[in-house]
Amino acid sequence: MMAAETKLPPVLEIIRGNIVKHGNPLAMKGSEVAAWANALKLPEHGDLLFYTGGEYQLLPFIDSLVSTMTHMDQGSKVFSLMMGARNIINKTGINAEKIYASVLAKDRERFNSISYKAAIILQKLGYDLCYAGKKELYSGALLSELGFCEDMESYALKVAEVLKQSRAKTIVCLSPHAAEVFKFVYPKLVKDFPFEIRTFVDLVWEKRHRLPAIKTDKTVVVHDSCRLARELEITEELRDILQSVGVPVREAMSNRQWTTCCGGPNKLLFPDVSHTVATRRVEELEETGADLILTSCPYCLSALQGGQGKDTKTVIEDLIEFLFRGFEA
Amino acid sequence: MADLQKEFNDYTKNLNKASKDENIKKAITRAVKSYRETTAETLDRFPHTPEMAEEVRGIKSNSIAHNSELLKQAMDSVERNKGKAFYAKDKQEALEMTAKIIGTGKTIVKGKSMLGEELSLREYLEEKGNEVWETDLGEFILQLNHEKPMHILSPSIHVPREKVAELFTKFFNKEVPPDIAQEVAVVRDFLREKYFTADVGISGANVVAADTGAMVIIENEGNVRLSTGAPPVHIVLVGIEKIVPTFQEAMKVTEVTWRYAQYGVPGYVNIISGPSKTGDIEKVTTYGAHGPKEFYVIFVDNGRSDMAKEEKFSEALHCLRCGGCMYECPVFQVTAGHFGHVYMSGIGAVWTAFVAGGLEKAAPLVFTCLRCGRCVERCPMKINVPSMIQKLRERVVCG
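Chains A and B are the protein sequences, given in the same order.
Quick note on my numbering: the first sequence kicks off at 16 and runs consecutively.
Quick note on my numbering: the second sequence kicks off at 1441 and runs consecutively.
These are computed hints drawn from the structure, not numbers from a lab.
Values in this document were obtained by computation on a predicted structure and should not be read as measured data.
Just so you know, not all the hints are guaranteed correct.
What the hints assert, rightly or not - In silico contact screen, one side only, chain B against chain A (beta carbon under 10 Å); selected entries:
1) Phe1448
2) Lys1465
3) Gln1773
4) Arg1818
5) Leu1832
Each residue gets a CB set at the ideal place from its N, CA and C atoms; glycine is no exception.
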């Protein structure tokens, strides 16, 4: 097999560089990513580390990056500008500030609040959380998924250091992508990685009987995230949780381990195809007649929203947002 | 230094166009529905299948581990059956061997074969001055339309009947209405004459039994029976990964293959082990009775043994080519074979990297894959394509 020249599409280089240099895919400051937690004053040390990886917080910015890249390259989308990322950054001046400025405040607030709501839900269920705050680093899942193996090797060590500072035994991840990479990749890269890896869904499921009931006249359909359903094998838990809060669930034709991907994973490189895949998945979910689509993955949430038609009445929410409502009432 | 820019550009343009193509959308949506229904129904009717698939995983894994011994045994068996067996280490050798047997100025009838696509066999033999006819209806349509297959089992999955009528009207130089039965009938009439005047029949094989030298070929149309039975010469081109130790094991692989390949029950399963023969006069075995007098098998490597040596990738050689994964692939569902280079979708990206173009051709495919893993749910061999895709990305990125 011939080795291919590694002249990669610029968007990959930007993301790689940002993760390695700044600890998250969009070069945002740790204090910005952690701002959601300011009022909570979570301790830095504890048994159970609350891990956001910045993923929900960064979502609107990733979408903005994609649309900037897509817009920039009128010809054949991302690929005709394969001249190396540095060039592109120099020539077009893509930077975090620009992207940051182009994101609507309401999106920023919504996605920032998801981490906040998740922490509140877990606390109300009786979990004592600690949090790394502005020191928290993105898990590097994208480095691993996109094949940046050498970068990932050294980056994982940095992340593991921060995780260890918490002195936690267990890490609870909001994103299934983070949970997957911690659970299956980190033990191969980091010699001493003594953590039990759990997901938000997992922990909620264990104490689901303590969840307040949710009164809603909406019908709900679950979109299983591929990583959650197939890699982490969490499917029934979502149904159990919804049942405990008294919400009946409809099932899409493709559900649980047969779930259809939201199209999110190739959004960066093939935004058109990704969008078509997302639209078709939304259609599958809407065929059930449900008013509310619930998922439990930041990328699914963002991709499915992007795939929604303009006139649709269906609402797409993260399970975190939905469950939080029970505590507000 | 290879530059991925052009590869990515052409590919992306194609892929985006395909993802907006209403024909593809309509055809594949229909095909996916039908695939899932037939498969569910036949798995229900033959509930022993998943267990048998697991057994076949063991058979394939053992066969790949002992591939070189099995290859030798299979070649010996073919020779013992009075056939001629060859080993082609790469594409060029396979093509030259085939051309040497055939020569020039011949008429050839050919069955559907992904290996044929991998080798660009038809084009090569045509260049050598032969007339080659694809006899599988889907392949025949593509041959007339100068197109590449869009699915490994249903190559013309994207061409609706109206388009076929248009194509046939032009080719046969008479009005062919957009009626599927009539479209099938004109091709039947046309090819019938070709089978009986052809000098050579070419086929692939779904499975090879090393102990007996039996080539097993699954089909529905009857075109393989005719292509391999009527002409005086039959040449089989088959990948070395298709060899399993025994005839009984070959039958198991065959059954699992057709069940996941939406055959329900296939119209025909051909088992061919040598040239036709008779002993009816004085018990003297004489070769060349009603079927071919000459029987050749070319076992093609072309990167397969390299793949077998790699722990992370050898499992991809277990692929039965049932095509089930493609129906489940969310990207394939909207782009068909445009997500591919000879071989299609995620598993196709792996095959492309090793046997059909190298990492350079595979790179765009490798980054198109969502790594969502639904293909693994469907795959009777449970081939972990997402993990191989990730490893290939590492090779693209880190070298």
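Do the hints match the structure? See the list:
Annotation: interface hint on Phe1448/B holds; nearest CB of chain A at approximately 4 Å, less than 10 Å. The restraint placing Lys1465/B at the interface with chain A holds, with a minimum CB-CB distance near 9 Å, inside the 10 Å limit. Annotation: Gln1773/B was flagged as interfacial toward chain A, and the flag holds, the nearest CB pair being 7 Å apart, inside 10 Å. Because the closest C-beta pair between Arg1818/B and chain A is about 9 Å apart, less than 10 Å, the hint holds.
At a threshold of 10 Å, the smallest CB-CB gap from Leu1832/B to chain A is about 8 Å, leaving the interface hint in force.
When the structure is compared with the earlier hints, no violation turns up for any of them.
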